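Dock chain to chain to rebuild the complex, using the hints, since each chain is given by itself in its own frame.
Line order of the protein sequences matches chains A and B.
Each residue of the first sequence is one higher than the one before, starting from 1 at the first, in my numbering.
Each residue of the second sequence is one higher than the one before, starting from 1001 at the first, in my numbering.
Because the hints were derived from the structure by calculation, they are not lab data.
Since the structure is predicted, the reported quantities are computational estimates derived from the model, not experimental observations.
Among the hints, a few may not be true.
[Unchecked claim] PhoX-like cross-link-like pairs, simulated, lysine-lysine; straight-line CA separation at most 25 Å: (1) 1493/B <-> 58/A; (2) 1287/B <-> 1099/B; (3) 1382/B <-> 124/A; (4) 58/A <-> 1492/B.
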Amino acid sequence: MRWNAERILGVAIFILVIVYLYIHVGSGQMFSSYDVMSRPEFWPRVMLLGLLVTGLLKILAATPHSPTRPEKTNWRQHLLVPRALIGIFIVAAYCYITQYAGFAFATLIFIPIFMWYLGARSPKILIFTPVISLIAVLLLFWRFLYVAVPKGYGIFLSFSNMLLSLVRIGAS
Amino acid sequence: MEIIVNSILMVVQPENMLWLFIGTFIGVVFGAIPGINGVMAAVLFVPFTYHLGPIPSILVLIGIYQGSNFGGCITAVLFNIPGDPAAICTTFDGHPMAKRGEAGKAIGSGLFASSIGGLLGTIVLVTVGPVIARFALHLGAVEVFTFIFLGLTTVSSIAGSSTLNGFISLFFGLLIASIGLSPMTGFPRFIFGSNYLLGGMDFIVALMGLFALTEVFDRLTTKGISYSVKGLEKTRTELPRWSELKRYLISTIPRSAVIGTIIGAIPGAGATLGAILSYGVTKQFSKEPHKFGTGMPEGVVAPECANNACAAGAVMTMLTLGIPGSATTAIILGAFFIAGLNPGPTIFTTNPEIVHACFGGMLIVNFMVLFFGFLLTRIYVKAMGLPVYILDPLIIVLSYLGVFSIRNSFADVMIMTVFGIIGYVMRRMDISVGPLVLALVLGPIAEKNFVISMRISSNGLLIFFTHPVSLIMLILSALSLAIPLMRELYNKKRERRTEAA
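Isolated chain B (complex conformation) (with noise of 0.2 Å):
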């Protein structure tokens, strides 16, 4: 209690707020913009923080990691583009309840959500955060494997209208992860004498051909001059009902928020799986997973949750181990570097100011995000209420120009229109283009540990049988397989009898 209450304090002061909510605000505008995520918003503004002081600069950069991460779900709902990766788990059921005219309740859910799960995230971090940390050291390789064996079956087997669509996605996903030079042994493959293809595929080329230039496609097929929303004027960000709030609270956001901060802490795995993890869990647990995909409130809470702590526990092991949990937290852990401090054990008697700013600004930003949420919600549902024909090109020229800011390449502008044809195709035929963005993501990582997992093993596959941790992750997957797959089955068992019938 006495370190939450010093590091809230040592926040409070005038200058260190400001830089915060600078910070935030920055996070919440860029995340919602198609193309630039929190690590390019991170990295962009890092030249301005060298002038500050190493506080300062810091709480700027908790300010855009978390504001980022929330920033990614308007987007998501509002005009089923995600802003980054750990966010296309909102849109399998937030763009559906925007589609149903429940936008505001959709992006007020994931808003409350993201702050309580970066509340409940920080409040873990405080507490409990080096022995969850020195965990996570300890799950290697292996684990790491199973952890993502499971985030991808789990993914396939919920997104999207069956689960065979699912794995077409999936297997096409990991392929085309695979282009470029092996992780382990840099084996150049599938390159056909392109040097562009060595450095494989970028994961926002590809969010943005598959979400954003697909959107646009699709929407070519049917006539309209508006967005296909209903009773968008009216639309506000709404918190949930009090009897919604209490099912999430006891259920929903413990869980994910718990899901989020374990896998946060798991140096390389990320928020993306956090957020498909937690989505696929409280499906299973859900009373009514057959309506998850078709604008369930729960569907967008669990992944914004887990979303949001997921950052506690990247902050967590860039603290406790020095190690950084994502890419963002490596940015951080620059800027750490850059004001002469060295994160890990040492940082808690050397520089405890550092380590209570770094609390203080983790649990005060939640704050600021329910705040920008509000305010910046009612612009962006202005803009969803332009003409198509205004909204249309500029989402293809922000498009443009957020690919072609990676690395100035028109390469990568093209591979992303004929992502964009792709995504048209596959939405065409019916298959969801979610697991294989989420397999571009995770496919190179997924890759990358299993041939580590291989070489320490001496019975091959057997090895992740033999750790308990990997053994239950696989039990999951199976389960997380096998349960849609025979309700699947069971209802066109069903639907065959009634057609006989």
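The shape of chain A in the complex, shown without the other chains (with noise of 0.2 Å):
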């Protein structure tokens, strides 16, 4: 990638968001008595200014100045791996979906099927691993350190206070 459109346009949408960010944090005139570098916008607007220098000089920096040298490191073959991006997609989703179908029940499900991305394939594995990862996880959190697990909604809120008092028993 030269300095082709769609460069200046990443450019463009870098310049941006850096400036409606500078907007942005504005306080008007609510501060304005005071000195400028100690009003509240001050800070942000200077590391504002520094991401934008620093971006584009890295941006530079990564532009070979005469068009017969390569370039130095093609960026979206780099970031977009498929495999990474649907691993990135299962924890995402891992995370969303816990506050709905509560802790205990997304992560039986989100081992077997993390692992099974991972590459393990033995029934025995992708069975017993998520059990008991879960009740050594609870224990230690929940049962140990107090700490409140997310219990869902519905359905799911019965299933994880059954399988809470289970481990309650079990510890006690």
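Take a look at the structure:
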């Protein structure tokens, strides 16, 4: 990628975001009596300018000066690794779903799916690892450290309560 | 000498030793669990100390404090996941060493440095503690800001592949740190109408996302069934060899212990800053600075030594002035109040036995850290030998609960995932996430002290040049920035010449 439309668009979006944030952080007349450097917007604005300058320098440094010189890295190919993207999606979905399905249920589903995705194929491992891990984690965090684990709603709430009561019996 | 003997005698009673032992065990174990740091462990165990006497309760907390300081080193080396922000610098060289098959040596060096750093810091605490504490109290907002400025410029110029990348990470971190209420005026910034963002970003959330999740996401790009660590089955905690020991004891350890103790004594500065400064200074003084970041044992020794010496500095300020030097000492201070004790200059005369117990505890705990370090490292190394398909889901689940336990917030968990993605992108772009996390920890403190300095200054920024300590810090900052930059430019020039040839 050289100084083509795609790169120019990328730089334009980067600058626009910085400008938007620069304007958005302003406190208006509220602290106008304060010295410029004591105002609440001064610090983030300096950081925005720092980010703008260093970001542009990075883009410039990554752009080859001569058309014959090869591109150092193909960022698009480097970042968009399908295996990683699917993995990120599974983890993000687990983190999101837990609030509705409860920690216990979501974890029991997430661990085998992620393990399978990472290459585990033995049914024994896929069944026992989630169960043992969940019990160990619940004992440590919920039973021992009193961390309130998410229980979910509806049927998931009943499932979580049932499982937590089992862990409580097991621990006492 | 008499104080040291009395202090040791106070602690070597069976009951006191038992509580210190338990505290150290809890500290090392919890310090090594991603998402749970020493502060959280101390908070969780404070209620258990209510029924103990004042000396056992303080010893348990001292054990947790020092134990967790080392615990963070184990996961930083083995999994590239620092247990707390103070262990971030340990990942720079510790994990590359582990990848090279030297995990035992890295942990052994960190363990040795932690123990010696803690011991030296405590000896300073016993001998010249009150003097340093009074000196530290004279350091105001101007000096604290320049200390942090030096720490941040140092870490940005040394972390990662280039200085430019380090500064991108730093500015991004400082920008994220400014989300929420401004520290001095309470003005909301970058909240976009969200009540959640009013509270700002918790650095533990960022730490878990940027290190734990990023590690998992990045590993997804390469297929494999085990952690990429050579010779794992043979890994044992290896203490440094005599030749290395001499080198560390002559230069790295005393220097890091002094830096750590002084930084620890400054209220609010904390072990993170001590570890960064110590790492940066060690790199600048090294004969092979270019090797830092690729797995230099000194890169593990320096931050670990400073980290534990900071604890002694923080306890010193708490005992002599009644001001906690760190978050964990604030909890220990709470335990003092619960026991009806008032730390400050008078405690040396009103309750000398408590002071002796503190001194003795801080001395003996270092040997216990050494013991648990040897014992528990084996277990962690075995855990590392598990296949990735078992370890990675567990890391995700532990990170989830570690983050959720901070304030029972789902938003925190989602933010952790976002930080995981940011970390993944940054790693693929060869930008180190270390400066970003450190900026998140130190950014609000830096901004607060900057604004206070501006309020008390009649000449604007000139105030930083009129105070001797801050002037020295600024000169050191300029040097820490210029030296790596010049080295980088020189290397590039040489590269171009070779290319042209």
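Taking the hints in turn, this is what the structure says about them:
no.	hint	in the structure
1	1493/B <-> 58/A	holds (18 Å)
2	1287/B <-> 1099/B	holds (23 Å)
3	1382/B <-> 124/A	holds (21 Å)
4	58/A <-> 1492/B	holds (15 Å)
Checked against the numbered hints given earlier, the structure satisfies every one of them.
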